[in-house]
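Visitor: Single-letter residue listing:
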Amino acid sequence: AQSVTQPDIHITVSEGASLELRCNYSYGATPYLFWYVQSPGQGLQLLLKYFSGDTLVQGIKGFEAEFKRSQSSFNLRKPSVHWSDAAEYFCAVGPMNKLVFGAGTILRVKS
Amino acid sequence: EPEVTQTPSHQVTQMGQEVILRCVPISNHLYFYWYRQILGQKVEFLVSFYNNEISEKSEIFDDQFSVERPDGSNFTLKIRSTKLEDSAMYFCASSVGQGIYYEQYFGPGTRLTVT
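Protein chains in written order, with my numbering: chain A, 1 to 111; chain B, 1 to 115.
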């Protein structure tokens with residue numbers, strides 16, 4: 001069965017510091033992987049997605065993620081965090097008609 | 001930019017009551033979805049809907065749940081007799097197509113509280 005694990009419930013980083021949010025997945029076939037962000041009062045917004053090809057994918061807002069098949073991971077990174085990045089981040093796997101989400105990681109940014 | 005909207009943002013209902021959650025998908029989208037997130041737990045897929053039919057549903061989506069597209073713009077989720085464990089955030093989503101290249105656009109969610 002498909003599953004997604006986000007080991008960190010909360011992460012706090014200083015503004016300007018680098019960020020890495022972890023995501024591990026379990027999927028029977030070639031995974032389709034996604035990162036979504038949810039700001040308070042907003043819907044889930046797609047940051048980036050991986051289907052195939054280059055394992056390092058670039059997304060919006062300066063985010064990137066790297067697919068590592070050997071580690072079943074798809075970690076999200078950003079070199080320099082801005083205060084506006086404070087939000088909840090969700091990793092998801094699966095075909096587009098039935099996404100399986102992780103529990104989310106809440107990112108706090110301190111100035 | 002077009003967006004998915006959901007109403008109400010927060011609904012409080014008593015156990016056993018029927019509740020209808022409303023969504024307005026993006027106007028040219030053809031595929032519609034409901035997900036839910038119980039507080040502190042994962043976002044879970046409930047159902048997908050296309051061409052006035054359910055195309056896929058999860059084991060959570062039992063006979064207490066139904067979906068409908070009553071007109072050209074709304075997409076609703078009905079829970080017939082709410083239980084305490086139905087308390088959750090419910091997200092609606094829509095997409096132009098269904099496949100790896102079609103992004104699902106999510107609404108802001110409706111928080112349902114069953115007392």
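Check the hints yourself; a few may be wrong.
Label pairs and their calculated CB-CB ranges [said to hold, decoys possible]: (1) B:V24 x A:T5: 31 to 37 Å; (2) B:E59 x A:L56: 33 to 39 Å; (3) A:E66 x B:Q14: 47 to 53 Å; (4) B:Q14 x A:P95: 36 to 42 Å; (5) B:V24 x A:S70: 41 to 47 Å; (6) B:T5 x A:E66: 30 to 36 Å; (7) A:I60 x B:T13: 34 to 40 Å; (8) B:L39 x A:E15: 26 to 32 Å.
To be clear, the hints were calculated from the coordinates, so they are not data collected in a lab. These numbers come from a predicted model, not from an experiment. Beta carbons are placed, not taken as given, at the ideal position from N, Cα and C, and that holds for glycine.
Visitor: The structure should be examined with respect to each hint, and the outcome stated for every one.
Guide: Against the structure, the hints:
1. B:V24 x A:T5: 31 to 37 Å: holds, 34 Å
2. B:E59 x A:L56: 33 to 39 Å: holds, 36 Å
3. A:E66 x B:Q14: 47 to 53 Å: About 48 Å separates the Cβ atoms of E66 (chain A) and Q14 (chain B), which means 47 to 53 Å holds.
4. B:Q14 x A:P95: 36 to 42 Å: holds, 37 Å
5. B:V24 x A:S70: 41 to 47 Å: holds, 43 Å
6. B:T5 x A:E66: 30 to 36 Å: holds, 34 Å
7. A:I60 x B:T13: 34 to 40 Å: holds, 37 Å
8. B:L39 x A:E15: 26 to 32 Å: holds, 29 Å
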